[in-house]
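Engineer: Below, each chain spelled out in residue letters.
There are 2 protein chains.
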Amino acid sequence: MQRTKRIAAHIVATNKTSYHTMSNSKTQSFTLLENPQGLPTEQTWKLVSSDIGTIQDDQVLVKALYISVDPYLRNRLATAPTNQPTVSGQVAEVVESKNNKYKTGDLIFAYLPWARYTVLKGNEQGLQKLTGLPNNVNPSAALGVLGMPGMTAYFGVKNILQIKPGETVVVSGAAGAVGSLAGQLAKQLYKAGKVIGTTSTDKVEYAKQHYGFDEVIDYKKFDTIEKMRAELKRVAPNGVDAYYDNVGGTVTHALWSLYNKYARVAICGQISYYNNTQLPTVQEWLGKIIYSSVLVKGFVWSDYLVVDGVNQVPTFLKEVGSLVASGKIKFDEHVIEGFENTPKAFLTLFQGGNIGKIVVKV
Amino acid sequence: MQRTKRIAAHIVATNKTSYHTMSNSKTQSFTLLENPQGLPTEQTWKLVSSDIGTIQDDQVLVKALYISVDPYLRNRLATAPTNQPTVSGQVAEVVESKNNKYKTGDLIFAYLPWARYTVLKGNEQGLQKLTGLPNNVNPSAALGVLGMPGMTAYFGVKNILQIKPGETVVVSGAAGAVGSLAGQLAKQLYKAGKVIGTTSTDKVEYAKQHYGFDEVIDYKKFDTIEKMRAELKRVAPNGVDAYYDNVGGTVTHALWSLYNKYARVAICGQISYYNNTQLPTVQEWLGKIIYSSVLVKGFVWSDYLVVDGVNQVPTFLKEVGSLVASGKIKFDEHVIEGFENTPKAFLTLFQGGNIGKIVVKV
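Residue numbers (the numbering used here), protein chains in the order written: chain S, 2 to 363; chain F, 2 to 363.
Note that identical chains are pooled: a pair holds if it fits in a single copy or bridges any two copies.
Below, in silico cross-link-like pairs of lysine-lysine (BS3-like), each with a Cα-Cα straight-line distance of 27 angstroms or less:
| hint | residue 1 | residue 2 |
| --- | --- | --- |
| 1 | K130 | K99 |
| 2 | K289 | K221 |
| 3 | K319 | K192 |
| 4 | K262 | K188 |
| 5 | K262 | K159 |
| 6 | K331 | K130 |
Because the hints were derived from the structure by calculation, they are not lab data. If you're wondering where the values come from, they're calculated on a predicted model, not measured in any experiment.
Using the sequences and the hints given, assemble the complete structure.
Structural biologist: Next comes the structure, spelled out in structure tokens:
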């Protein structure tokens, strides 16, 4: 899946004298052809060319450097407007500016169309200068361990799981961008006694060795709720206190009868179902959470962006950034090169083959 | 179902001079013959006679006045020891005491065997003198609106639903002991904008008129998830902010797609499933609570008995007791007379016919 081909950047003017030429240059973008039913394919998008256009007062022109592809996008595609580019998080470089807050060469983060170039207003939603990253990480970390997926892990573990030292924690999707961090935070920041991950066969050993999970269960091997429950019981003989769920399916359902009193369940993703055209049927389990007084909380990262009036990003960058910079927290990027591979990179998410955060290097 | 036959109390000595005779007197109890699969029947229990026995130092002998039958008992029966009496909450009178904390004539609350008489240690779990009830309510209220069911409603609404003025609230089992109070508290203490109940056909009008629900949906009429959802949408056009669930089934599942951001769901009972021999299959819904950031919380009343080190019963009796005493909060008791009808009274819970709290008047 990794491609090394690089897009020739010959249409890009990167010095001030040639800015006036940008307006007549071309850009490319991936527009959504149809709202997919089931698994999307590369044909779900169309690569189109268009003029970049002129930038107005207050605007900036940015060039995409890294495009993020994330599971949450799948839900958006179901209802996103067609014939318009799909939008996701990007790290981009300002190549022309008529906004005095941004200058040429600034790196920014914003939610942008899947396009090589984008003209932006200075107050565009989510637009921010890339600051606060440790010196020894690549800017693409702003899309992963030190960006939205990182905050999803950090906010969920901190605010929902509220792990006490010695507790037993389960994380599904243990080799993914969010799960790998959630497991490490449970152990390093909150001193969990045992952290159990679930992932697919080829990533079991990696998750154990590299991310430090105490136990990792291969969900392909324990492929029914009953088998998964027996294995979870074996590795968590004292019951489970907290569960960080990215995936849904057998792990999630095996756990309902294994929770200790006052267990917490953070529901951040259910990727195993995202391409189902119908909701799957499962056994009802709400009766199981009454006597164990379990808390189940759906959430998205932005729910905890501001807590009691205080923006949490600086605390996140301080706490997690320092662990990342020092190498105590491990993270991986699966870099797929070439803007033209953006849809393919997105589809990789649903093949269960990736370790860490998938980004497209434009 | 109501019986007016009273048990002759000729074996009961109620004055001090005859206490010594109690030891040789007989009592009756209902012992569990088998752990029921599916719906229990009257043959699930056996009525047995035995000697009361002598009371020792520190002990008291109590005579059952009111026996509580509650949905939660159904789950206990599945694993309760057989050939022993079923245990539930009771209001009883001290008829003999060798414990200086209790004297003859004291009314007490305790979790006691289904028996006419019980010998108790002074420190028996849950044993407490009946105090703090308003003067104008019958002591049986300690089993209902001012007892465990009342606290279940109050603690769940207060601690989990955390209703803000104007919000839309749904309560299943709206005519039951817990649901009828939960709905009234939502409106009177927390100023909910709209409180919607669900119950069966014959209780719809009563719940509306007597308990003040703004809308009451007949779950027998809207008997699929789709029909129930359409009706809920009609009566809650602005979405639902909080749900107090005693029942499970179609109401619970219709709601997953109707929640507003940050909705709260208190799971206190799932009575519609208690007699299923297998868990029912339902459509998976965890994916629905991610973007709406819904909180789902299983609980039992005792979870909130002590909050931050402070026992909450006095606050409960003050807040709810005063509303009950003044008649602002309505409650009903369905009194079934005669100790011998205790199993029958319990089975009434699963027939959907009762309004308010079912108690056996011994």
